[in-house]
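Visitor: Sequence:
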Amino acid sequence: MRNLHIPSRSPAYSKNAMVATSHPDATKMALNIMEKGGNAFDAAICAAAILGVVEAHSTGIGGDCFCIFYSQKDKKVRALNGSGRSLSNIDYNKVRLAENNSIDPYCADAVTIPGAVAAWTKINQDYGSLSLKEILTPAIDLAENGYVVADVIADMWKREKEKLTKDKDCKEVFLKQNEPYKAGDIHFQQNLAKTLREISVSGKDGFYDGWVADDIVKKLKSIEGRHTLNDFSNLTVEYMEPIFTNYRGYDVYECPPNGQGIVALMILNILEEFNLSSIDPDDFERVHLEAEATKIAFYHRNKYLGDPSFSNVPVEKLLSKDYAKKLSNKISYKKTIKELDILPLENHKDTVYISVVDKDRNCVSFINSIFHPFGSGIVCPSSGVLLHNRGASFNLDKKHPNFYEPNKRPMHTIIPGLVLKSKNPIIPFGVMGAHYQPVGQSHFLTNVIDYNMDVQLALDHKRSFFYDGVLSLEKTFSTDIIEKLKQVGHKIDFIDIPHGGGQAIMIKPNNVLVGGSDPRKDGIALGY
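Positions 15 to 542 (our numbering) are the ones given, in order, by the sequence shown.
Because the hints were derived from the structure by calculation, they are not lab data. Note that this is a predicted model, so its numbers are computed, not measured. C-beta atoms are modelled at their ideal positions from N, C-alpha and C, and glycine is treated no differently. The reader is advised that the hints may include incorrect statements.
Claimed, not checked - The calculated label-pair distances, taken between Cβ atoms and stated as ranges, are:
#1 224 / 509: 41 to 49 Å
#2 198 / 482: 32 to 40 Å
#3 329 / 112: 26 to 34 Å
#4 223 / 436: 39 to 47 Å
Build the full structure now, drawing on both the sequences and the hints.
Guide: And the structure:
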């Protein structure tokens, strides 16, 4: 149980079904979908669509998604890769570059073909029990008739004001008299409502063909993009064999590359070599171990990860327990590892994660993102689609697995997770926060498995993140721990915005559901 003297919240409990998201409207309305006869798949799509309206800086139909799930129909874990590909016609002489010689995240080249809508419609066709029209109606209503801006969202809006002024159509939708919307304001996205209505009637074709696709392509061409209507109409998403590792008797499943779920599994494999339960969850040794395991795992990510259709990703080797043992021997409690070469990548953290369990115990772990806050900042004038900038994840090194080339999926940071025990699903979970996600997942799971925290306490717990040579701490760490971390060689910084967010639902042995939603966001977990 939580310490009642420390501000927090209790986990949510229910017997039938549960939803956990980063926004109350999404949680409540997705739960209503299940109360009306929908299942976990319907509820996840409903929540994702709503979040694309009410949390537009994080997600939307102009982005990508991944889903890992356990369906009672299949009696197994499946993964759906809903990430889109780069355009088919790249002119390397005209790719706009940022100062660090990477792809400019706010140009047309950074816009890969969005995969979210294709993934939603595939899930709905294969596993849903309600029509898209029923599922998308709540999001359409909020976009058309307005929603109330929440606190954390308003703060991000304020931080991104300058970006929102650069594109005329973006400015028109997301600024009011040249100022960001504030908490308590009512915001409308009426063009987006029209597009959602089109999708609700026509499914995938309502986005990738017809007037919506035409509007997106025209917008991109107006800013020197070379995207074509065929790039959109040819977009497909696919089921993939999930990857997993066993951590202290729990099977942890992730989507395979091009996502970074393999990084979370590598961190867990390394940490399994240490007796974490003998260390207090707040002690310096735990923070240090997590940082060093992260350093090692990210070295491998930055060396090997990319689209497996274009290069070989040595998944079996990277997930080998013997290999994890060898890697763990590099870690000392007395000093930090110095010789690993970490390739720096931009760290952006706007994504939404959704956890759903229904009355039949279908478990859906679902993540949807437009990458940077407000994505590319490019809005399409008639459809209201805010486009992501996932293509900025590519690099321009021809020898690298994540090299920018036609019809290729970029390395992805968004990773939904799912835990099984004795072949039964027990925790659909996820942690938002771009590059932080695999670290957040391993931190959450060690909180639950090694420290016996409930899912809410595990999400509440203070977070640290080693990235690009710096150990970045939230502002709740004690002076004593900070000094000990410095003494072993860590360069310390304090993060302004907390690390990520997250949601999780646990199925207890008595079949009761326990849900948590991260206090770093506006969300909530609810059940019935």
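Visitor: All the hints need checking, so say for each whether the structure fits it.
Guide: So, going through the hints one by one against the coordinates:
1. Hint check: residue 224 to residue 509, Cβ distance near 43 Å, so the stated range 41 to 49 Å holds.
2. Take residue 198 and residue 482: their Cβ atoms lie about 37 Å apart, and the range 32 to 40 Å holds.
3. Range check, residue 329 to residue 112: about 31 Å between beta-carbon atoms, so the 26 to 34 Å window is met.
4. For the pair residue 223 and residue 436, the supplied restraint of 39 to 47 Å holds, since their beta-carbon distance comes to about 45 Å.
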